[in-house]
Every structure is written in structure tokens, then in C-alpha cells.
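Using the sequences plus the hints, can you model the full thing?
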Amino acid sequence: MLSEIYNPGKTEKKIQKFWEKEKIYKFNPHSKKPIYSIDTPPPTVSGRMHLGHAFSYAQEDFIARYRRMKGEEVFYPFGTDDNGLATERLIEKLKKVKSQEMKRKDFIKLCLETLEEIKPEFIKDWKNLGMSCDFSLFYSTIDHRCQKISQQSFLELYKKNRVYQKEAPTIWCPLCQTAIAQAELKDKEFKSYFSDLIFKLDDPNFQAKDLIISTTRPELLPSCVAIFVHPRDERYKNLIGKEAIVPLFGQKVIILKDEKVETGKGTGIVMCCTFGDQTDIEWYLAHNLSLKISITKDGRMNEGAGKYQGLSLEEARKEILNDLKKVDLLVKQEKIKHTVNVHERCETPVEILNTKQWFIRYLDLKEEFLKIGREINWYPKHMKTRYENWIKGLRWDWCISRQRHFGIPFPIWYCGDCGQVILAREDQLPVDPLNDKSKEPCSFCESRSSIPEKDVLDTWATSSLTPQIAISLLPKTKIKLPMNLRPQAHDIIVNWLFYTVTRSYFQEKIKPWKEVMISGFVLDPYGEKMSKSKGNIVAPQDVMEKYGADCIRYWASGAGLGSDLRYSEKEIKEGKRLLTKIWNVAKFCLSHLKGYTLVDSEKIPSDFRTIDRWILSKLQKTIQKTSEAFEKYEYYQAREFILKFFWKDLADNYLELVKYRLYSDTRNKNDFSLEAAKFTLYICLLNILKFFSPILPHITEEIYQNFVSLFSKKSMTEMSKSIHLNDWPKLDKKFLDLEIEILGDKFIKILSAVRRYKAERKYSLKKEFSKVVIESRIQTLSTFFKDLEAAMNVNQVEFGRGEIEIDEEMKIRIYE
RNA sequence: GGGCAGUUGGCUCAGUGGUAGAGCAUCUCGUUUACAUCGAGGAGGUCGUAGGUUCAAAUCCUACACUGCCCACCA
Numbered sequence: 007m008l009s010e011i012y013n014p015g016k017t018e019k020k021i022q023k024f025w026e027k028e029k030i031y032k033f034n035p036h037s038k039k040p041i042y043s044i045d046t047p048p049p050t051v052s053g054r055m056h057l058g059h060a061f062s063y064a065q066e067d068f069i070a071r072y073r074r075m076k077g078e079e080v081f082y083p084f085g086t087d088d089n090g091l092a093t094e095r096l097i098e099k100l101k102k103v104k105s106q107e108m109k110r111k112d113f114i115k116l117c118l119e120t121l122e123e124i125k126p127e128f129i130k131d132w133k134n135l136g137m138s139c140d141f142s143l144f145y146s147t148i149d150h151r152c153q154k155i156s157q158q159s160f161l162e163l164y165k166k167n168r169v170y171q172k173e174a175p176t177i178w179c180p181l182c183q184t185a186i187a188q189a190e191l192k193d194k195e196f197k198s199y200f201s202d203l204i205f206k207l208d209d210p211n212f213q214a215k216d217l218i219i220s221t222t223r224p225e226l227l228p229s230c231v232a233i234f235v236h237p238r239d240e241r242y243k244n245l246i247g248k249e250a251i252v253p254l255f256g257q258k259v260i261i262l263k264d265e266k267v268e269t270g271k272g273t274g275i276v277m278c279c280t281f282g283d284q285t286d287i288e289w290y291l292a293h294n295l296s297l298k299i300s301i302t303k304d305g306r307m308n309e310g311a312g313k314y315q316g317l318s319l320e321e322a323r324k325e326i327l328n329d330l331k332k333v334d335l336l337v338k339q340e341k342i343k344h345t346v347n348v349h350e351r352c353e354t355p356v357e358i359l360n361t362k363q364w365f366i367r368y369l370d371l372k373e374e375f376l377k378i379g380r381e382i383n384w385y386p387k388h389m390k391t392r393y394e395n396w397i398k399g400l401r402w403d404w405c406i407s408r409q410r411h412f413g414i415p416f417p418i419w420y421c422g423d424c425g426q427v428i429l430a431r432e433d434q435l436p437v438d439p440l441n442d443k444s445k446e447p448c449s450f451c452e453s454r455s456s457i458p459e460k461d462v463l464d465t466w467a468t469s470s471l472t473p474q475i476a477i478s479l480l481p482k483t484k485i486k487l488p489m490n491l492r493p494q495a496h497d498i499i500v501n502w503l504f505y506t507v508t509r510s511y512f513q514e515k516i517k518p519w520k521e522v523m524i525s526g527f528v529l530d531p532y533g534e535k536m537s538k539s540k541g542n543i544v545a546p547q548d549v550m551e552k553y554g555a556d557c558i559r560y561w562a563s564g565a566g567l568g569s570d571l572r573y574s575e576k577e578i579k580e581g582k583r584l585l586t587k588i589w590n591v592a593k594f595c596l597s598h599l600k601g602y603t604l605v606d607s608e609k610i611p612s613d614f615r616t617i618d619r620w621i622l623s624k625l626q627k628t629i630q631k632t633s634e635a636f637e638k639y640e641y642y643q644a645r646e647f648i649l650k651f652f653w654k655d656l657a658d659n660y661l662e663l664v665k666y667r668l669y670s671d672t673r674n675k676n677d678f679s680l681e682a683a684k685f686t687l688y689i690c691l692l693n694i695l696k697f698f699s700p701i702l703p704h705i706t707e708e709i710y711q712n713f714v715s716l717f718s719k720k721s722m723t724e725m726s727k728s729i730h731l732n733d734w735p736k737l738d739k740k741f742l743d744l745e746i747e748i749l750g751d752k753f754i755k756i757l758s759a760v761r762r763y764k765a766e767r768k769y770s771l772k773k774e775f776s777k778v779v780i781e782s783r784i785q786t787l788s789t790f791f792k793d794l795e796a797a798m799n800v801n802q803v804e805f806g807r808g809e810i811e812i813d814e815e816m817k818i819r820i821y822e
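Numbering (this note's numbering), first residue to last: 7 to 822.
Quick list of in silico lysine to any residue cross-link-like pairs, SDA-like style, CA-CA up to 20 Å:
{"no.": "1", "residue 1": "K194", "residue 2": "L319"}
{"no.": "2", "residue 1": "K19", "residue 2": "N712"}
{"no.": "3", "residue 1": "K248", "residue 2": "G274"}
{"no.": "4", "residue 1": "K338", "residue 2": "I218"}
Everything labelled a hint here was simulated from the structure, so no lab data went into it.
Structure, rendered in C-alpha cells:
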């Protein structure tokens with residue numbers, strides 16, 4: 007029997023143990039059921055699960071659980087992302103080491119060992135949340151399997167001529183000292199000065215006229231290689247082709263015309279430096295300008311900057327402005343705020359440097375990627391637009407080399423004699439060229455001497471292969487691309503989602519998944535982003551400790567698909583209230599179902615009262631609407647339908663109306679249709695448990711186990727050992743009856759009217775009335791008279807003349 | 001500057017052509033053998049603004065305003 011009060015803390019742990027022991031969520035590769043495969047996002051192992059995780063993982067779990075009950079074999083592996091800066095820092099902190107001072111191989115080994123230690127604790131949060139993944143299907147993005155798959159894919163792309171190495175302008179983070187990709191950029195606002203500088207013309211005839219150029223980056227003056235004006239700008243037309251002298255540094259630069267110049271910006275004259283921004287690169291390439299780099303890889307001025315060499319960029323900026331002032335070449339300074347591209351991880355403004363990097367060539371495939379985007383079903387639909395906008399705005403090939411120490415190594419060497427690239431052999435993967443020797447001589451000059459590539463792969467180059475990695479977890483490739491579902495949040499559409507599409511395209515020219523489900527973000531109660539600096543972070547562990555996982559899941563089900571959700575303890579408490587309600591309803595039902603002999607599911611009691619048929623029809627409607635909502639990933643809608651049925655129709659109305667029958671003396675059970683009442687209760691409770699089970703997996707399991715134990719094994723053929731292995735409620739047309747439903751709703755109106763009458767007069771609901779008269783042409787309402795008498799303590803209900811209007815066709819009159 | 005989303009009762013949000021909804025908060029009443037972690041009932045909105053389409057608009061169209069997000073610009 008169920009305890010008096012539900013205790014989530016104790017029960018949830020017990021239930022989770024039960025699931026684990028019974029392997030409820032184990033994927034069965036031999037199943038005959040259709041497979042539903044999920045490309046689960048691997049969380050980064052950098053700390054613990056945060057609220058945003060709890061939010062979006064709960065949402066994908068609703069779907070996984072619904073699909074499982076719908077009769078699909080759910081392939082739902084779990085991985086962790088431990089390849090990258092976040093993990094590197096974590097391990098350094100935990101083990102008090104410096105990765106740079108270690109051999110890469112040893113550091114990776116230390117990572118793998120440390121991760122082995124801390125992983126169970128990390129994953130526990132996901133288990134505590136009630137995730138129904140098959141945790142035995144597990145990967146880590148730095149493990150041998152992933153290294154091998156990642157390197158294999160690189161070799162494949164190399165052979166397909168899709169990767170290339172090139173010395174080119176690259177986005178560079180001077181703090182992390184590595185190249186990064188366009189997708190790793192972020193905006194940040196800085197205070198700065200917009201300074202007007204004087205460039206003298208190198209022409210005796212124009213001696214008097216100075217050029218005034220506005221810039222925010224005077225420290226790039228040594229890199230200035232040209233000056234641009236708009237071809238139709240009348241003010242400067244005569245300057246085109248002349249040369250100007252860069253202040254302080256003295257180099258002569260030519261004045262050119264280009265359509266990209268905005269005449270209204272600054273003075274309409276712009277200097278081109280290698281490189282300040284994207285436009286500089288374009289001009290550099292289009293006008294075949296020379297290259298003058300004056301910045302080092304660690305963000306200082308180099309020898310090209312003359313006396314400023316060694317200064318940081320900021321120091322140099324200050325110094326140069328000072329010196330310009332001294333020689334009267336600084337005309338004006340305006341304080342401004344402007345946004346600058348920074349590295350998303352460290353928020354350092356990025357620079358553009360000419361470096362040698364590996365790229366995946368894909369700018370020529372924009373159309374193909376857009377096409378794949380159109381082949382995928384997006385939930386919600388408008389998220390596709392973000393994907394498309396990103397692709398349309400892409401300007402760089404994917405730079406996949408990182409000058410970092412920790413990561414998956416490139417599986418290549420360079421020939422010591424001729425410099426030719428030597429590829430690793432498939433059978434030696436995963437390989438670390440820093441430790442392993444090439445098994446092949448140089449294919450060009452047959453030299454045996456080789457120099458290892460030191461760079462590592464961008465972490466996205468591995469995590470973009472999660473579908474392939476997930477599939478590889480099964481011994482035989484039973485699952486093929488496209489997988490069914492990629493669930494993820496909208497912030498990583500431009501990297502994780504997009505990159506995964508590109509890899510799947512390169513490999514098989516198909517979409518990686520049939521559908522994607524995009525979740526929103528978690529905000530604090532005031533709609534602000536949660537962040538450590540604001541101190542408004544809520545730890546899901548604390549919430550689970552206090553209220554239980556079902557409550558946090560309830561909260562997570564409260565956001566429409568794709569929309570952000572504010573955290574609010576009120577909603578968590580609402581979840582707690584729901585749990586209590588479910589518990590009490592179950593207690594009530596079970597106490598009356600004790601000793602009930604389950605009839606053959608085909609044999610229905612013959613003594614139904616109209617109210618039974620009414621609630622059973624409502625149930626069918628709810629099955630229909632709820633299933634439709636879940637099919638569209640609209641778990642929030644589904645929850646609303648379930649709540650309405652459970653709380654309003656069932657608990658508030660039906661249970662109140664059926665009580666008198668259940669409590670009746672068994673001697674007159676024929677009068678009270680006891681069989682039908684119990685049958686209805688049985689059906690409703692079982693379906694309520696099924697309805698709530700995707701969202702509230704723990705409490706529904708606990709009640710289900712008690713429910714099942716009421717019945718003898720023999721009558722239980724249709725029931726599984728867990729609520730989560732049950733079939734999702736199926737529409738039973740024989741219980742669907744629109745007329746009965748309308749009739750029942752009419753009756754509920756009468757019931758409410760009697761309740762209102764009592765409330766208005768401040769009577770107790772129990773107060774006895776001698777008679778209620780109903781004026782209506784609907785004769786069949788009489789089938790509810792007995793229910794109304796019992797529920798409202800009325801001695802007699804009959805048809806007659808009414809006085810209180812209920813609707814166009816009904817009036818009632820009450821005799822106290 | 002471009003794109004996307006949103007603007008509905010005090011608060012948080014459902015509702016995509018047919019008489020405005022829920023939860024919370026508020027007010028009144030009520031311990032009835034599932035539940036006071038409750039139940040019953042009430043009050044509260046001209047659905048951002050302005051036009052238009054329609055017999056009918058919160059819902060469709062156009063423009064605008066405001067908020068949020070993404071992207072671009074960042075000389």
C-alpha cells in the first residue's frame with residue numbers, strides 16, 4: 007500500500023536503483039521493434055550539471071520515454087565531451103599539473119585516468135535527473151574510440167581533397183595562442199577612442215593638403231599597406247593613384263579606390279592594415295597588396311613596429327597616440343563604445359594573423375548544406391532560419407587546427423627531407439605523431455625521416471561526429487544515418503549542429519538526422535541570463551535535493567518548445583503539489599481497487615452509469631490530443647491536456663461523483679454499479695500513470711509497482727515490469743462518445759450551479775437540500791440524478807420549472 | 001544595418017478565423033472517510049499601436065513601436 011505521504015527523496019533513489027538493476031532502459035539490438043535513435047548531446051566535463059542542462063536533458067527525455075512506450079526500440083546512448091580547453095583546465099586543477107610541461111601522450115593518459123575517476127560522480131547528476139539513457143552505451147570524446155573515428159575521418163577528408171593546409175589570414179586568439187574558427191567568436195563591447203590622424207601626401211603639388219583618417223587602432227599603423235577612398239567620392243577623386251606617408255612609421259602607401267568604402271564613415275578615407283578586420287583581408291586579396299604583420303602571436307608588437315617592439319597592443323596604442331600628439335598629427339579624439347570580436351572562451355579580442363593552418367574546404371558547398379537543412383524537420387520550425395542565416399553568412403573555410411597541447415592529434419607527419427605530408431595508416435589509429443613513428447616512408451621521396459605535426463584538431467572536429475560515434479557503440483552497425491533525433495539548445499546551431507551536417511554530408515552525402523528538437527535557455531526569475539558574476543545561479547542538485555527530480559522535470563516541461571524559461575521556485579512547488587495530488591488520487595483509487603478482480607480486458611462491465619462513460623470518453627479525447635502533441639515534440643501542450651483531464655475531470659468531478667458508489671454497502675452493489683465504478687477507476691488510474699510517466703518517471707513508477715501488486719500475476723499479461731515499458735495509451739473507439747461527453751458536460755454545469763448556490767450563501771458543501779428541480783428538454787439528464795443527489799446531499803432531483811438560468815437550455819430551482 | 005522570436009488579466013504564460021483561457025497572487029466560503037501540500041465560488045483583460053482583408057480577427061495582411069536573441073558592421 008502507498009504510504010500516507012509521498013517522499014520523493016527516498017523513493018526516487020529506490021526507483022533509480024530498480025531501473026538500473028532491471029536494466030529497464032537497455033537497448034536491445036535484437037528487438038523487432040522499429041528503432042528510434044537519439045544523438046544525445048555529450049555534456050562538457052568541466053564541473054557539474056547546471057540548470058540549463060537539467061532543463062534541456064529533461065525535455066529530450068520526455069520524448070525518449072514517450073517513444074519507448076509507443077513501441078519503439080529507443081537507442082539512447084550517453085557521452086561526455088572531455089576533449090578541449092575546459093577539460094584541460096579541470097585536470098590541471100585537480101591533478102596540479104601543467105599540460106604544457108607534460109608530454110601530450112602522458113597528459114591525455116592522465117586525463118583518461120582522471121576522467122575515469124570523476125566521471126561516475128559527474129554522470130550521477132544525469133541519472134538523478136531520471137534520464138532514461140542506456141548508460142552502458144557510453145563514449146567520451148577523448149577516448150580511443152573517438153580519437154580513432156576522428157582521425158579516420160580526417161584521413162578520409164584528406165583523401166577526398168577536402169582538407170588543405172595553407173598559410174593564410176586566420177582568426178587568432180593571442181591569449182590562448184591558437185587559431186580559432188568563425189563559430190568560436192563572440193561580440194563584446196569595449197570603450198575606445200576614434201582618433202583622427204594626419205597622413206601627409208607624398209607629392210610636392212599637394213603639399214598643403216593633408217589626409218585625415220579616422221581609426222580605432224593606431225597600433226596597426228606599421229601594418230598599413232594602402233589607403234582607400236570611394237571611386238565616386240568627389241572630395242578625394244583626385245587623390246587616387248597618389249601616395250601618402252604613414253605618420254610616425256614613414257612608409258609610403260598608395261591611395262586606391264574601392265566600392266566598399268563608406269563615404270559617410272569617419273572622413274571617408276580609410277587605411278588598410280594587414281590585418282585589422284575582414285575588409286582588410288578582402289582588400290589585401292583583391293588588390294594584391296603586400297603583407298606587413300606587426301603583431302606577434304602572443305599579442306605584442308613585433309620588430310616591424312620599430313621602437314614599439316615588445317609592447318602589448320594596448321600599450322602600443324597609448325604610446326603611438328602620445329607620439330602622434332607630440333608631432334601634431336593627432337587632430338581629434340572621440341570617446342566611443344564599440345563591439346569587438348572576442349574569443350568566446352577567454353573573451354580576448356581576436357587578431358587576424360597570417361599563419362599556416364589546416365582547413366576543411368566547404369565554402370563551395372553552401373547550397374548542399376542548405377538543401378540538407380531543408381530535408382530535416384525542425385522543431386520548432388523557425389530554428390531552421392538561424393541555420394540558414396549562418397550558412398549564408400559564412401566567409402571562412404573551417405579552420406580545424408589548434409595550436410594547443412591537449413586534444414586529438416592530427417594523424418600526420420611531414421617528410422624530413424622534402425616536407426611532403428605523410429598520412430598515418432588506418433591500422434595504427436589512434437595515433438599520436440609526437441610519440442608514434444610513421445609506418446610508411448615518404449610517398450614522394452621515400453625518405454624515412456619524418457617530422458610530427460604538433461597541432462591538435464578543433465574539438466568540434468570530433469564532436470561533429472557524434473552520430474558516427476554513437477552508432478559505433480554497437481558491435482554490428484544496426485543503426486544507420488540518418489538518426490531519428492538530434493536534441494540540443496539553440497546556442498550551438500552554428501557549430502555543433504552545422505558541423506555535424508557537414509561531416510555527415512562529406513561521409514555519406516545525407517542528413518545526419520531526420521528531426522532536430524531545439525530547446526531554449528534558462529533565465530533567472532527576472533529574465534536575466536544566469537552567470538557566476540551575477541551570482542544568480544541556481545544549482546539543480548540543490549533543487550533535486552529539496553524537491554526531487556520529478557519536480558525539476560515538471561518545471562522543465564513548462565516551457566514551450568524552443569522558448570526560454572525563467573527559473574521560478576514557485577513552479578517547482580507547483581510540481582510538488584501535483585505530486586501530492588497524484589499520490590492522493592492513487593491512494594484513493596488503490597484503496598478501492600483492493601480485492602478487485604481484473605476482468606478480461608475485452609469483457610466490459612454491463613452496469614456502466616452515464617458518468618462512467620463520460621469520463622472514459624474524456625480519457626479517449628485526452629489520449630488523442632496528448633499523443634498528437636508528443637508527436638510534434640510539444641510536451642508542454644501534452645502536459646496541459648493531461649493536467650486538465652487529471653485534475654479537473656477526474657479528481658475534481660468524477661471522483662467526487664463516484665464516491666457514494668464505492669463507499670456503498672456491498673449488499674446493494676447492483677444498485678450502485680460497483681463493477682463499472684471499479685473498472686472505470688482502474689482504467690483511469692492506469693492511464694493517468696502512463697500519461698505522466700514521461701514527465702514524472704519516479705512517482706508514476708512507484709505507484710505503478712503498488713498498483714501491479716494488487717492483482718494476481720495471471721491477470722497481468724498485458725503489464726510490464728515497469729510503467730516505462732508499458733504501451734502508451736491507445737485510443738479505444740468503443741469508449742469514445744461525443745454525445746455522452748456533451749451530456750456529461752451539461753451535467754457538470756448543473757453540479758457547479760448547485761455548488762455556486764451553496765458557496766454564495768456561505769453554506770457548507772455538505773448542507774442538505776430537500777429538492778433540486780431541473781428545467782431542460784434533455785431527458786437523458788435524468789441518468790445523473792442519483793449522482794447529483796449523492797454528491798450534493800440532495801434528497802430528490804426531478805424535472806420541473808427552474809428559476810436560476812444555467813445556459814440557453816437549462817434552468818434549476820433549489821428547495822432548501 | 002539584416003534576420004528571427006515575442007508583446008494577452010497584478011505576475012508567469014497557453015491559445016493561429018467563430019461568444020477571451022490556465023496557474024500563481026487576490027477576495028469570500030468550507031475540515032466532506034484521497035488530499036487544508038485541499039476543495040468550492042467570485043472579482044480581474046476593449047489580447048502593444050494604427051490601418052486593412054472578412055459576415056466574423058488575439059488569431060490573416062501591411063506599417064510602426066518596444067523587448068529579447070542571432071548575424072553583420074566594427075576604417
